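Chains A and B are the protein sequences, given in the same order.
Residue numbers 919 to 1329, in this note's numbering, belong to the letters of the first sequence in order.
Residue numbers 919 to 1329, in this note's numbering, belong to the letters of the second sequence in order.
Quick caveat, the hints were computed from the structure, so don't treat them as lab data.
It is possible that part of the hints are untrue.
It does not matter which identical chain is meant; a pair holds if it fits inside one copy or across any two.
Straight-line C-alpha distance at most 30 Å; calculated DSBU-like pairs for lysine-lysine [as the list claims (entries may be wrong)]:
{"hint": "1", "residue 1": "Lys992", "residue 2": "Lys1190"}
{"hint": "2", "residue 1": "Lys970", "residue 2": "Lys1149"}
{"hint": "3", "residue 1": "Lys970", "residue 2": "Lys1293"}
{"hint": "4", "residue 1": "Lys920", "residue 2": "Lys1239"}
{"hint": "5", "residue 1": "Lys970", "residue 2": "Lys958"}
{"hint": "6", "residue 1": "Lys1149", "residue 2": "Lys1245"}
These numbers come from a predicted model, not from an experiment.
Protein chains: 2
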Amino acid sequence: MKRNILIIGAGGVAQVVVHKAAQNNDVLGDIHIASRTVAKCHEIIASVREKKAMKVEGVLEAHALDAMDIAATKALIEKTGAQIVINVGSAFVNMSVLQSCIETGAAYIDTAIHEDPLKICETPPWYGNYEWKRAEACEKAGVTAILGAGFDPGVVNAYAALSRNYFDEIHSIDIIDVNAGSHGRWFATNFDPEINFREFTGQVYSWQNNEWATNQMFEVRQEWDLPVVGKSTTYMTGHDEIHSLSKNMGVPNIRFWMGFGERYITVFTVLKNLGLLSEQPVKTAEGQEVVPLKVVKAVLPDPSTLAPDYTGKTCIGDLVKGVKDGKPREIFIYNVADHKDAYNEVGSQGISYTAGVPPVAAALLIANGLWDVKKMANVEELPPEPFLGLLNEMGLPNRIRDGDTDEALVF
Amino acid sequence: MKRNILIIGAGGVAQVVVHKAAQNNDVLGDIHIASRTVAKCHEIIASVREKKAMKVEGVLEAHALDAMDIAATKALIEKTGAQIVINVGSAFVNMSVLQSCIETGAAYIDTAIHEDPLKICETPPWYGNYEWKRAEACEKAGVTAILGAGFDPGVVNAYAALSRNYFDEIHSIDIIDVNAGSHGRWFATNFDPEINFREFTGQVYSWQNNEWATNQMFEVRQEWDLPVVGKSTTYMTGHDEIHSLSKNMGVPNIRFWMGFGERYITVFTVLKNLGLLSEQPVKTAEGQEVVPLKVVKAVLPDPSTLAPDYTGKTCIGDLVKGVKDGKPREIFIYNVADHKDAYNEVGSQGISYTAGVPPVAAALLIANGLWDVKKMANVEELPPEPFLGLLNEMGLPNRIRDGDTDEALVF
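The shape of chain A in the complex, shown without the other chains (with noise of 0.2 Å):
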């Protein structure tokens, strides 16, 4: 039974991560937050106290923390007695993260892969260039470092695993990520604006027959029609749970879509075309050295501060196709999310909510044993069921459509 937990980050999906770990105090013990500006972690602690979101009384404490700094994350993990770290910081934190739990025997949590700040886009699979090359360490010293556990990576790659219960033979996963909430702003990205367009300024790698395929971003486009979003314009996208479920799953076909409205795809062409969304410095007339993107950060809205007004719903999901009995069959297993719903829970936008709720799941599995494999795993390499049925009840309904049927999924 490992207790006490050290979530690193106070952005939006840590908002969601303190205030459902919150929730199960209980089990999961003393909380901390750590971040670069410790004024976000107590504006988090804040929240928590208004919302009474406390199960029992506790320990929740803030902490200034560099998280590329390994002695110091070693140090804190060691201080505060953490014995699960949940990181939920810059995509650029990870290797030092991992490190810190791997010398510090903590089990480690993330949600997102590892990028280097100069590198955009780099070769597949992702996970291969950082995270899985310290796979043979996490073993040896026995620690627990679950990849990926939000929800795109994360429950996605559950519903994945999941869907071999209904096929002989799985042809095609089919992952499918709409947003049909407005934030009711000219633009604005959904999380952090460097990683949002990072996301998209490279390649588009797929998983097709078997072998990576790449076409550049918004060159295909699909639609779909979603329950309760309905019909939903998206464009094949490159994504961290590809890189895993190509190798972990013996699919032939994976991809990933993500919905996109046109002024999305205006903003984000033009800032490309002109060399806005470069994380390589220029140089202005005046000698000032500059990273552009930076520059585009610190213009666009603050996504924390979107949640108050967003309204409307996500639906996020694995559409599965493949043979079962001999007959075909396809399956879409999802959830719907509401974004409205989320800021009464916890203060932030639905997009948050669905990415900061699955990784206190993960760390719940681990304080009960049921996760704690003492190894590096993607999510689709653990038991989904328990993982789905805990979701189930933390506010992260899954539901299965299957031929005319659409209903919940119960474990």
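With chain A fixed as given, assemble chain B onto it according to the hints.
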């Protein structure tokens, strides 16, 4: 008779000014070029040498100068013995260069209004905020200062003055500026992006029914059928010349229309709505203070690099409507310039060419005394015929469309 020219600035327009001054150095005397970056002056000199543009042997020298520094500017005027200063530097240096001329007695010529780097789109009339405040000082010192002597403002002001000959009463002057050329890039501005975008980020001021009217940029659209370039889409835009013509012409309606393609409008709209055209600094997540507009400038193509690939033509002119002998009349006085011809002659594209030839014509008219008025003047306050006559010979032929006739304007 004034002689010896100091040209301030070393951008695309300065390149044209230096070439044209070199072609007339028998009259203008020594030619000096000054810029913060002296290497750019040397590049222009190399281009003049390559084209063998100097009419007679003579002085052609480069100088490093911060034109915001009045003492340094005065010292350079004195050292070079320049009696005429052509200011085609950044829009931020007008007042310091003008002051240097007032204190040294040199004649002053510029091609655009002064701007405060931190203010965009001040209250009309724009000249009233800066230049005209020095009118009395010019007159007292007997200093000739010709404001806005490029094409627009400049030649179009002379067209307006000339149009008086064709009417008993003028009802409206619509200045139309269409660049029907193509630079072959995804996006680029034809001159300094910082100045270009600043022109359009504020309110659009126009002179209608004898008072200032305001609109938003891209709010008022107008199609015209123009000579040579044909059907052209323009938008009502604020522009320098409206501010002096409204005061000096006694015409109830004076508007400026600039041609824009869909691409320009899309890029401008995205950048403006995101806040990337702001001249006010923002702070990045890393704490760096940056002016977004300067970063946009840094990522865009340097306008001076567009010239070699530029093809097509520009058409700029005044559509004047009024009454002559009791009957309604409409004339269009205009110039058509060719990007390729400009490049072949002086190594610049057509936009720089149309802006850079007129101030040299103005310098010749100061040199020969016709425009050496020993006070401050906008172009419409000076006799237009000698100016337009010189331009006919200097590569900017003027034409008039009047009813069914379309012929060269000859003086």
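Evaluation of the provided hints:
1. Lys992 with Lys1190: Neither: 38 Å inside a copy, 45 Å across copies.
2. Lys970 with Lys1149: Neither: 39 Å inside a copy, 67 Å across copies.
3. Lys970 with Lys1293: neither (35 Å within a copy, 76 Å between copies)
4. Lys920 with Lys1239: neither (38 Å within a copy, 85 Å between copies)
5. Lys970 with Lys958: within (18 Å within a copy, 65 Å between copies)
6. Lys1149 with Lys1245: within (27 Å within a copy, 62 Å between copies)
The structure is inconsistent with the numbered hints 1, 2, 3 and 4, although it conforms to all the rest.
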